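Asks: These protein sequence lines are chains A and B, in that order.
My numbering puts the first residue of the first sequence at 180, with every later residue one more than the last.
My numbering puts the first residue of the second sequence at 352, with every later residue one more than the last.
Bear in mind the hints are in silico, worked out from the structure with no lab data behind them.
Some hints here could point you the wrong way.
[Said to hold, decoys possible] Computed list of lysine to any residue pairs in SDA-like fashion (alpha-carbon distance at most 25 Å, straight line):
#, chain 1, residue 1, chain 2, residue 2
1, A, K291, B, A556
2, A, K291, B, P480
3, A, K291, B, R631
4, A, K291, B, P553
Quick caveat: nothing in here was measured; it's all calculated off a predicted structure.
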Amino acid sequence: MAVLRGDIELAGLTKSYDGVHTVVQGINLKIPDGAYCCFLGPSGCGKTTILRMIAGHEDPTDGEIVIGGENVVGLPPVARGTAMMFQSYALFPHLSVRDNIAFALRIRGLSKEDRYRQTDAMIEKVRLTELADRLPAQLSGGQQQRVALARAAITQPRVLLLDEPLSALDEQLRVRMRVELQSMQRDLGITFIHVTHSQLEAIALADMVVVMDRGEIKQAGPARDVYATPRDRYVAEFLGGQNVFSGKVDAVKDDLVSFAAPQMQHIAVPVGASRVGKGDTMDVAVRRDDVELVRPGVELTADKSWLSSRVLAVEYQGNFVKVMLDATGSDEFVAYIPERVFFRDPYTIGDVVQATWPSHLARLLAKTTALTA
Amino acid sequence: MADVRATKRALAPSRGSRPWTFYLLASLFTCYVIALYGPMICIYILSFQDVRGGLVFPMKGLSLHWFIDLFTQVRTGDVKGSFDRSIKLAILVTVITVVVSFMAAMAFRRRFPGDNIVFALMIGSLVAPGLVLGIGVGLLFNAIGIDTSPYGSALGAQLSWTLPFGVLVMFAVMSRFNPAWEEAAYDLGASAWQTIWLVFIPVLAPGLVAVALFGFTLSYDEFARTLQTAGPQNTLPLEIWSMTLNVTSPSLYALGTVTTIISFVIIGAALGTIVLIQKRRGARAT
Chain A
180 MAVLRGDIEL AGLTKSYDGV HTVVQGINLK IPDGAYCCFL GPSGCGKTTI LRMIAGHEDP
240 TDGEIVIGGE NVVGLPPVAR GTAMMFQSYA LFPHLSVRDN IAFALRIRGL SKEDRYRQTD
300 AMIEKVRLTE LADRLPAQLS GGQQQRVALA RAAITQPRVL LLDEPLSALD EQLRVRMRVE
360 LQSMQRDLGI TFIHVTHSQL EAIALADMVV VMDRGEIKQA GPARDVYATP RDRYVAEFLG
420 GQNVFSGKVD AVKDDLVSFA APQMQHIAVP VGASRVGKGD TMDVAVRRDD VELVRPGVEL
480 TADKSWLSSR VLAVEYQGNF VKVMLDATGS DEFVAYIPER VFFRDPYTIG DVVQATWPSH
540 LARLLAKTTA LTA
Chain B
352 MADVRATKRA LAPSRGSRPW TFYLLASLFT CYVIALYGPM ICIYILSFQD VRGGLVFPMK
412 GLSLHWFIDL FTQVRTGDVK GSFDRSIKLA ILVTVITVVV SFMAAMAFRR RFPGDNIVFA
472 LMIGSLVAPG LVLGIGVGLL FNAIGIDTSP YGSALGAQLS WTLPFGVLVM FAVMSRFNPA
532 WEEAAYDLGA SAWQTIWLVF IPVLAPGLVA VALFGFTLSY DEFARTLQTA GPQNTLPLEI
592 WSMTLNVTSP SLYALGTVTT IISFVIIGAA LGTIVLIQKR RGARAT
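Same shape as in the complex, but just chain B:
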């Protein structure tokens, strides 16, 4: 531990000798952070106005009025229902993405005839413009005669977006899996299932959580592909979009604040899980 600190000290630049470029780059980075978070922070601040509040600065009063308004007023639309649908859809997408990405990565550990073609087909839908792809999915469901719905056509359209991402992340994760671990498990008598359960999944767990996080967040705020495929019932991003068209009160901002908080909670939970897994492994060392 002591020598780690010593190394850090040795690597850290001594104070007072920073070159002018440090200050230049630091202010550049500050501008970047402001540009990145400034607009969002405006929305969050404006959502805490009282009854007199409008859509622009200056801020009028300070209350939770628009949050209450958001969940009680019918005129703002079906916020609760769309939120509910979005979460359920995101969970469904997450589960399917994790399972399929894991299986794809398992399959691609070895080369097989046509593997390049299969890979290209999997990744191809990333290139297609989301809106067009969404319209296509909608049309296809129409042609087959199935009504578009959040858990049917929208699920399919979203998977065309989350699966390629999940697979790419999983490939990167799998590339660090030593094939000798699998052989060692076989050598010690493990069946294929036992090897997956006792070796692959625990070793790859942090990667699987990362893929889950990807799947969830990509689905939770997916708009383009969902627009033409969700059917008569809105998901949350669609609801927000329609609110921007006809709601002219800060409850729109309140919705933005609420969804952001939820996103942060989910990302925090996922990262927390990864840290916890690694902590637990490290803790046994002491």
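Only chain A is shown next, with the shape it has when bound in the complex:
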């Protein structure tokens, strides 16, 4: 076989189980070769269905899946050059670690010696040599995950598909295995597609984050772009770290938007790329770590926006303090204050404060619509 590229293109990918409801609605996406791509979204958003369609465990109702320049719809997984790591690993309970990993080679008809030689190299790579004769039931969650990874990797796929690979593990192990996944991906140099509902996992691992909602892609891009510049309210709220509030536009002057509501009169937001007119209701995002708190009466410079509010709750987080405010009515408004800064002049519940941020750091969000790439 020639060198197989692992770039993936999804074109108009659609899936419907009953012909009425579509779980995946005409997805278009390009994933470059060797990328670590995370599909992020709540359960039922269609992310696992997309993964299973790429893997060949589910047939699309419509659309194309192109891997390395070849439409693979209708091909079995092995012909696609994909391998999947299942959510609960699906290790064969009756086979030892070695035989689990050697399964694909056994299917290919390799002799016992040949397949054990290859398998033992792989076992060493995932550091399971001492456990090679154990059964899956006798392994810890992290060890099981390594077996599953090795079993998938031994087929030398160009794309590895991981369905919620860390969800079966406890919190500490999850962080450790996250690192292992990343180094494994760098080691193998192949495309990883990882489905998760945890935004922490997605932004920690991925070169490319695809945020999904109800069968549609909301935003796709590098982790930092998606986190720092979410497209709309959904993405901002799902990834967290942002305060999102909405207001009716009063005027647009010098590329700055001002709002009509009385409590928002000291807020100015750059127009950016949005098209805004007077009277539109717009969503505004302000990063929680961009917000500073000052006591009332402190003079603020003209390039700052501020809201007057009351402290609802204070949570100590170690390296920062999470202060919850009642600034924007029904929308949650939170300030992440560096720990040392907070304790210079701590606030208590009920204190009246001014939440302020440099105006140019706030962003207008797009109206909530699907992304059409």
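Keeping the supplied structure of chain A fixed, place chain B upon it in accordance with the hints.
Replies: Chain B in isolation, oriented as in the chain A frame:
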């Protein structure tokens, strides 16, 4: 290992503090065991009498006379032949039951139109009284013009009994099969046959042995359905029944002892196989 023992110790009740209900329930259980095995043990004991032996206590002498009598005397009937037929029939029933139950359980992993009806039809014959069902099978063979025989009509009648049981056991076994194992096998390139051979059968092996055991024992001592379907040649239970009508010597008891021993050997072999499968899997861990 040490902490397992510690847990056991912690869970075990300390001596001397057992409530009176323990003794009540223990004696109840003892009575139950005596009622269960007492009658059978009487038969086994009485089968070891010598020539003077009769059908009731007290025991007269101690010898293997009636066992020898059982296999040498023609007047007691065709014990050897019926035993032979029963074993062969049971093996045949076992094989068919295991294969069909396995296939049924494979089919019922997913829902299909009419699955409830198919299931009800499969289980329905459990409800029919065995004697009536046997007569029906006999009549049907008669109407078609095929002579009733152990490996024809009796086989069919027995399968109407063992298959529903086999299927129910197999369903329970299959419910513990994770569908992701099948997908994983497909993902790694296995064909449907390879998946069955390398994943389904080995994973389900203990369950298949259990179904085989069910099939064998149900067939080996099946009476009601076989009575009207075995034709002129008897199976072992039919032979025993006819002996109770015309044999008045302890060789009848000797036959009971022999068949029981065989049953225990078969059950022991089946359970031993299951234990062995699990041991072999566990042994690789050390």
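Asks: Does each hint fit the structure? Answer for all of them.
Replies: To see whether the hints hold, each was checked on the structure:
| no. | hint | in the structure |
| --- | --- | --- |
| 1 | K291(A) <-> A556(B) | 23 Å, holds |
| 2 | K291(A) <-> P480(B) | 54 Å, violated |
| 3 | K291(A) <-> R631(B) | 19 Å, holds |
| 4 | K291(A) <-> P553(B) | 19 Å, holds |
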